[in-house]
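S.K.: Respectively, the protein sequence lines represent chains A and B. This note's numbering numbers the first residue of the first sequence as 7 and each following residue consecutively. This note's numbering numbers the first residue of the second sequence as 17 and each following residue consecutively.
To be clear, the hints were calculated from the coordinates, so they are not data collected in a lab. Note that the structure is predicted; figures quoted are calculated from it, not measured. Wrong hints could be hidden among the right ones.
To be verified - Which residues of chain A face chain B? A partial, calculated answer using Cβ under 10 Å:
no., residue
1, H163
2, R164
3, A165
4, N188
5, T212
6, I335
Glycine included, C-beta positions come from ideal geometry on N, C-alpha and C.
What follows is each chain in one-letter form.
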Amino acid sequence: MKTALLAGAAAAVISLAMSGAALAADITGAGSTFIYPVFSKWADAYKAKTGIGLNYQSIGSGAGIKQVEAKTVTFGATDKPLSDAELTKNGLVQFPMIQGGIVPIFNIDGVKPGGLVLDAPTLAGIYQGKIKKWDDAAIKALNPSVTLPSAPIVVVHRADGSGTTFNFTTYLGQGSQDWADNIGADTTVEWPAGVGAKGSDGVANTVKQTAGAIGYVEFAYAAQNKLSYADMKNAAGKTVEPSLDSFAAAASSADWKNAKNFNVVITNQPGDNSWPIAASTWVLIHTQPDDAAAAGEALKFFDWAYRNGKDDAKGLDYVAIPDSVVTLIEASWANITSGGKPVFAASAM
Amino acid sequence: MAVTTSGTFDASQTAMSAKARQVILQDRIFYYLALASAVLVVLVLVGVMVSLIVGAWPALSHSGLSFLWTERWSKKAQIFGALAPIYGTIVTSVIAMIIGIPVSFGIAMFLTELCPQPLRRPIGVAVELLAGIPSIIYGLWGFFYLAPWLAAHFQPVFGALVVIPVIGALFVDSGSGLNLFTASLILAIMVLPFITSITRDVFQTVPTLLRESAYGMGMTTWEVVRSIVIPYSRVGLVGGVMLGLGRALGETMAVTFVIGNSHNISASLFDPATTISATIANEFAEADPGLFTASLLELGLVLSIITFIVLALAKWLLVRGEIK
Chain A
7 MKTALLAGAA AAVISLAMSG AALAADITGA GSTFIYPVFS KWADAYKAKT
57 GIGLNYQSIG SGAGIKQVEA KTVTFGATDK PLSDAELTKN GLVQFPMIQG
107 GIVPIFNIDG VKPGGLVLDA PTLAGIYQGK IKKWDDAAIK ALNPSVTLPS
157 APIVVVHRAD GSGTTFNFTT YLGQGSQDWA DNIGADTTVE WPAGVGAKGS
207 DGVANTVKQT AGAIGYVEFA YAAQNKLSYA DMKNAAGKTV EPSLDSFAAA
257 ASSADWKNAK NFNVVITNQP GDNSWPIAAS TWVLIHTQPD DAAAAGEALK
307 FFDWAYRNGK DDAKGLDYVA IPDSVVTLIE ASWANITSGG KPVFAASAM
Chain B
17 MAVTTSGTFD ASQTAMSAKA RQVILQDRIF YYLALASAVL VVLVLVGVMV
67 SLIVGAWPAL SHSGLSFLWT ERWSKKAQIF GALAPIYGTI VTSVIAMIIG
117 IPVSFGIAMF LTELCPQPLR RPIGVAVELL AGIPSIIYGL WGFFYLAPWL
167 AAHFQPVFGA LVVIPVIGAL FVDSGSGLNL FTASLILAIM VLPFITSITR
217 DVFQTVPTLL RESAYGMGMT TWEVVRSIVI PYSRVGLVGG VMLGLGRALG
267 ETMAVTFVIG NSHNISASLF DPATTISATI ANEFAEADPG LFTASLLELG
317 LVLSIITFIV LALAKWLLVR GEIK
């Protein structure tokens, strides 16, 4: 999330202007920065094919939720699923659009990329400020063959609210009861230690330039900025490295079928190959849209993306939603209606 | 002939009165336009304050004045206290003043008393250009260059002072350059041009007669500055300092980049902290409606009040200086 107040306000103004102007052909959306790279890639291809553009404001999940509730955009995108009550209250439905991984990144003198292994309790200890030095016994136990310096750990977290933080803190809570009880999981939490940086790029840059730093970012940021990321010990006790395969393994073990409103957080999934800090982005859309045509266009775009956007997603290190889940999702679209008729079936196919 | 004369006279009279009417009309339109502009400013100010109070009301009525001295800022517990941001705002501004005032006074003294004529303009322009750099540029520069440099070269040196009892706690090195001290240093650089230009102006108000007499009596430059220039312009100087302080208190972007954004209050200057404006900039976009948003608006209200007091004090001192 690169934005502050200004960008939020600007986005609001722009989307207001867009909805007022005769640019109804463009699909409007706002929210998660996690999904933004994929959306912009899909949007280019979709526009080339259909002539319909996507105007997506990556202003952060929380701001996206506010925008869609206020109906200034057709859909919102969030990395933190809404509860059943929240969805009902605002007349929204949610469904997963993309999945990916969050990785711990570090900057330790003499330790190579991938040369560090961590697990949930240790990571929670570090983020609670209980594990203060890199040569702490807990870290040494996980990395018997690595020479760790006796340097202080500089903890870096997000200063702004973020879906990445929600998934990361959910995972820390699964590894540490103490974390779950006292700090919890949310887009912004009461950080007991460390430095706050703005946005994923802020975290990436702070870690890059601070000796002894540790942070967490979405995998694409780590890959693009060539940051050293750590391997993780997963729920099955196996050490896995972050990759498309391990993200896909985590995604595949998620039980979407039995989850009401697709409310599944895919951290700490079982499976030998599962990357433990996997995350999803959900799309939010009104069940009774004011502008049925716009909602129909948005759903058509999502349908196209599910079917034709897999390679684009893969190229950006994201995991596409499996076909079996897409079938479930599109079945749920029957609930998005206008005048009693489903918006999607009515306008497409 | 008489008729012609009077006819000409009449015509010119009516022409004049038409012109006069036009002038009066113009004047009136101008008056109302100017009045409207003036009223608009007052309306905007009142509107902003009222909407801040209305927006902050849920928080104001929920926690009352204890908002001001609660340190905890927790979305989970729904406890929002302003102590850490208020502490950060005031401490960074005060340190910025401690660094910025002597340097500004030095520049102003050099420019008015010591500087060779050909150098005055270039140095003066350089100081003013410093004021023209957007704050986000200071933020980026601070984040990418100043903070890592301080962390690598400055903090370890001062970190050695930890062994001194009591004040040693001020220098515990967090290992990161994003901290209270870096933010204060950036602020000091940002307020330099403001304090310098006012200081230079008030130094120039010292009558040449006084100054020349002092030199004539055999006083050194330092003695003239200390005993004549500073006492003469003291009140104006305080005003300039207060305007700089007002700027430091509200600065957002540059500080948000380098302060480390932590709600934990720490004794060490090298630990991350937060300020009121940085907290609002970071958290507003993702804040839930209700107590969270209201608390952020209340923070804004607190900052407005602090800045208002500082600026009012500055204005009052400047006016008093002019009367004297």
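S.K.: Now, for every hint given, state plainly whether the structure supports it.
M.R.: The hints, checked one at a time:
1. Against a cut-off of 10 Å between C-beta atoms, the interface hint on H163 of chain A holds, since the closest Cβ of chain B lies about 9 Å away.
2. A distance limit of 10 Å between C-beta atoms decides the matter here; for R164 of chain A the minimum to chain B is near 9 Å, and the interface restraint holds.
3. With its C-beta approaching chain B no nearer than about 4 Å, A165 of chain A sits inside the 10 Å limit, and its interface hint holds.
4. Annotation: interface hint on N188 of chain A holds; nearest CB of chain B at approximately 9 Å, less than 10 Å.
5. Because the closest C-beta pair between T212 of chain A and chain B is about 7 Å apart, less than 10 Å, the hint holds.
6. Violation of the interface hint for I335 of chain A is found here, the shortest Cβ-Cβ separation to chain B being roughly 26 Å, above the 10 Å cut-off.
Comparing the model with each earlier hint shows a violation of hint 6 alone; every other hint is respected.
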